[in-house]
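In this text, residue positions in the sequence shown follow this note's numbering: the first is 7, and each later residue adds one.
These are calculated hints, taken from the structure and not from any lab test. Treat the hints with care, since some could be wrong.
Stated by the list, open to error - Straight-line alpha carbon distances no greater than 27 angstroms define the calculated BS3-like cross-link-like pairs of lysine-lysine that follow: (1) K115 / K129; (2) K223 / K115; (3) K115 / K162; (4) K10 / K162; (5) K74 / K10; (6) K162 / K9; (7) K10 / K25; (8) K118 / K74; (9) K158 / K131; (10) K118 / K73; (11) K25 / K9; (12) K135 / K145; (13) K25 / K134; (14) K134 / K115; (15) K74 / K202; (16) K24 / K162; (17) K129 / K24; (18) K145 / K134; (19) K118 / K134; (20) K24 / K78; (21) K24 / K73; (22) K135 / K115; (23) K118 / K162; (24) K162 / K223; (25) K115 / K131; (26) K118 / K24; (27) K24 / K9; (28) K73 / K10; (29) K78 / K162; (30) K162 / K25; (31) K74 / K24; (32) K202 / K73.
Stated by the list, open to error - Cβ pair distances, simulated, as ranges: (33) M7 / G85: 24 to 30 angstroms; (34) E77 / I126: 28 to 34 angstroms; (35) M15 / E122: 34 to 40 angstroms; (36) E111 / E13: 40 to 46 angstroms; (37) I225 / I35: 44 to 50 angstroms; (38) T147 / Q17: 33 to 39 angstroms; (39) I157 / H21: 19 to 25 angstroms; (40) L16 / P215: 40 to 46 angstroms.
In this text, a Cβ means the ideal position worked out from N, Cα and C, and glycines have one as well.
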Amino acid sequence: MTKKEREAMLQEKLHEMKKFENELRNSDIEIIGGVDEVGRGPLAGPVVTCCIVLPEDFSILGVDDSKKVSEKKREELYGLILENSVAYGIGIIDNLVIDEINILEATKKAMKMAIENANIMLKEKGLKKIEHLLIDAVKLTDVETPQTSIIKGDAKSVSIAAASIVAKVTRDRMMVEYSRTYPYYGFESNKGYGTKAHYEGISEHGITPIHRKSFLKGIV
7 MTKKEREAML
17 QEKLHEMKKF
27 ENELRNSDIE
37 IIGGVDEVGR
47 GPLAGPVVTC
57 CIVLPEDFSI
67 LGVDDSKKVS
77 EKKREELYGL
87 ILENSVAYGI
97 GIIDNLVIDE
107 INILEATKKA
117 MKMAIENANI
127 MLKEKGLKKI
137 EHLLIDAVKL
147 TDVETPQTSI
157 IKGDAKSVSI
167 AAASIVAKVT
177 RDRMMVEYSR
187 TYPYYGFESN
197 KGYGTKAHYE
207 GISEHGITPI
217 HRKSFLKGIV
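Please construct the entire structure, taking both the sequences and the accompanying hints into account.
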């Protein structure tokens, strides 16, 4: 595939992924927040969410479900997405709260935190609050803002995809930092997921203060 052909393909992909946003804008909804999470499955570390508001003319190519994008490309896109966003917010819920209220409820709590933080940034810029939320899979029943829950939304909505990349890079950087404090678990590479090296670290050194005990029942 030539560079020109690849660019055309990415342009077409971006056009397809703006479908939900364009439909809302055709209904005079301007401020659209895309929401996604990262870190529901790991044995250690927080769940991290992002709510991001993109401009109508957002044109960064290559934005997709963070799982489909290489680490190097995610890092590149992270900066470009934030530079070209209207506003964004991050939500982080740690392992202690995850153990207390379960991962689904912790994810919802983190999403609401991210939405609140995005709205704070919008207010600081003199803009109105988010008018509609596009959320990957989850339904937030106690949030007043109108919302659309989209299964596999990070592959279908550019706003959700952008949120997934920002959340992923944010969490990955946190886990690399944790690896310096807790060096025996491979957090810098496995990001807290249950790899062989991670389980070996638990077996040899026990659990750390950032491990999710509710995910390790029967193991420790």
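Checked hints:
In summary, the hint linking K115 to K129 is supported, as the alpha carbons are separated by about 21 angstroms, within the 27 angstroms threshold. Note on K223 and K115: the hinted pairing holds, with a Cα-Cα distance of about 23 angstroms set against a maximum of 27 angstroms. The straight-line distance between the Cα atoms of K115 and K162 is roughly 23 angstroms, inside the 27 angstroms bound, and the hint therefore holds. Only pairs whose Cα atoms come within 27 angstroms are accepted, and K10 paired with K162 is accepted, the gap being roughly 23 angstroms.
Taking the CA atoms of K74 and K10, the gap is about 21 angstroms. The hint holds against a cut of 27 angstroms. A C-alpha spacing of about 24 angstroms is found between K162 and K9, which places the hinted pair at or below 27 angstroms, so the restraint holds. Between K10 and K25 the alpha-carbon distance is near 23 angstroms, which keeps this suggested pair within the 27 angstroms criterion. For the given pair, K118 sits about 25 angstroms from K74 by alpha-carbon distance, which is consistent with the 27 angstroms threshold.
With a CA separation close to 31 angstroms, the supplied pair K158 and K131 exceeds the 27 angstroms bound. Simply put, K118 and K73 have alpha-carbon atoms about 23 angstroms apart, close enough for the 27 angstroms limit, and the pair holds. A C-alpha spacing of about 25 angstroms is found between K25 and K9, which places the hinted pair at or below 27 angstroms, so the restraint holds. Proximity of K135 to K145 is assessed by CA-CA distance (about 19 angstroms); at most 27 angstroms being required, the pair is judged to hold.
Of the pairs offered as hints, the one joining K25 and K134 holds, with about 23 angstroms between alpha carbons and a cut-off of 27 angstroms not exceeded. A C-alpha spacing of about 23 angstroms is found between K134 and K115, which places the hinted pair at or below 27 angstroms, so the restraint holds. A threshold of 27 angstroms between alpha carbons decides the hint, and for K74 with K202 the separation of about 23 angstroms falls inside it, so the pair holds. In summary, the hint linking K24 to K162 is supported, as the alpha carbons are separated by about 8 angstroms, within the 27 angstroms threshold.
For the given pair, K129 sits about 25 angstroms from K24 by alpha-carbon distance, which is consistent with the 27 angstroms threshold. Taking the CA atoms of K145 and K134, the gap is about 23 angstroms. The hint holds against a cut of 27 angstroms. At most 27 angstroms may separate the alpha-carbon atoms for a hinted pair to count; K118 and K134 meet this at roughly 17 angstroms. A hinted pair counts as satisfied when its Cα atoms are at most 27 angstroms apart, and K24 with K78 qualifies at roughly 24 angstroms.
For the hint pairing K24 with K73, the CA-to-CA distance comes to about 19 angstroms; that is within 27 angstroms, so the pair holds. A hinted pair counts as satisfied when its Cα atoms are at most 27 angstroms apart, and K135 with K115 qualifies at roughly 19 angstroms. Taking the CA atoms of K118 and K162, the gap is near 21 angstroms; set against the 27 angstroms cutoff, the hint holds. At most 27 angstroms may separate the alpha-carbon atoms for a hinted pair to count; K162 and K223 exceed this at roughly 35 angstroms.
For the proposed pair K115 and K131, the alpha carbon gap of about 25 angstroms is at most 27 angstroms, so the pair holds. Between K118 and K24, the direct Cα distance comes to roughly 23 angstroms. Compliance with the 27 angstroms bound is thereby established for this hinted pair. A distance of roughly 23 angstroms separates the Cα atoms of K24 and K9; the hinted pair therefore holds under the 27 angstroms criterion. Distance restraint check for K73 and K10: the Cα-Cα separation of roughly 25 angstroms lies within the 27 angstroms cut-off, and the hinted pair is therefore satisfied.
With a C-alpha separation of about 22 angstroms, the suggested pair K78 and K162 falls inside the 27 angstroms cut-off, and the hint holds. The hinted pair formed by K162 and K25 meets the criterion: a straight-line CA distance of about 8 angstroms does not exceed 27 angstroms. Of the pairs offered as hints, the one joining K74 and K24 holds, with about 18 angstroms between alpha carbons and a cut-off of 27 angstroms not exceeded. Restraint check for K202 and K73: the C-alpha separation of about 20 angstroms stays at or below 27 angstroms, so the hint holds.
A hinted range of 24 to 30 angstroms holds for the C-beta pair M7 and G85, which are about 26 angstroms apart. E77 and I126 have their C-beta atoms about 30 angstroms apart, which keeps the hinted 28 to 34 angstroms range intact. In this structure the supplied range 34 to 40 angstroms holds for M15 paired with E122, their Cβ-Cβ distance being about 37 angstroms. Distance hint check: the CB atoms of E111 and E13 are about 42 angstroms apart, consistent with the given range 40 to 46 angstroms.
Our hint of 44 to 50 angstroms for I225 and I35 holds, since their Cβ atoms are close to 47 angstroms apart. Taken as a hint, the range 33 to 39 angstroms holds for the pair T147 and Q17, whose Cβ atoms sit roughly 37 angstroms apart. The hinted window of 19 to 25 angstroms between I157 and H21 holds, with their beta carbons roughly 21 angstroms apart. Distance hint for L16 and P215: a CB-CB separation of about 42 angstroms, consistent with the stated range 40 to 46 angstroms.
Violated hints for the displayed structure, listed by number in ascending order: 9 and 24.
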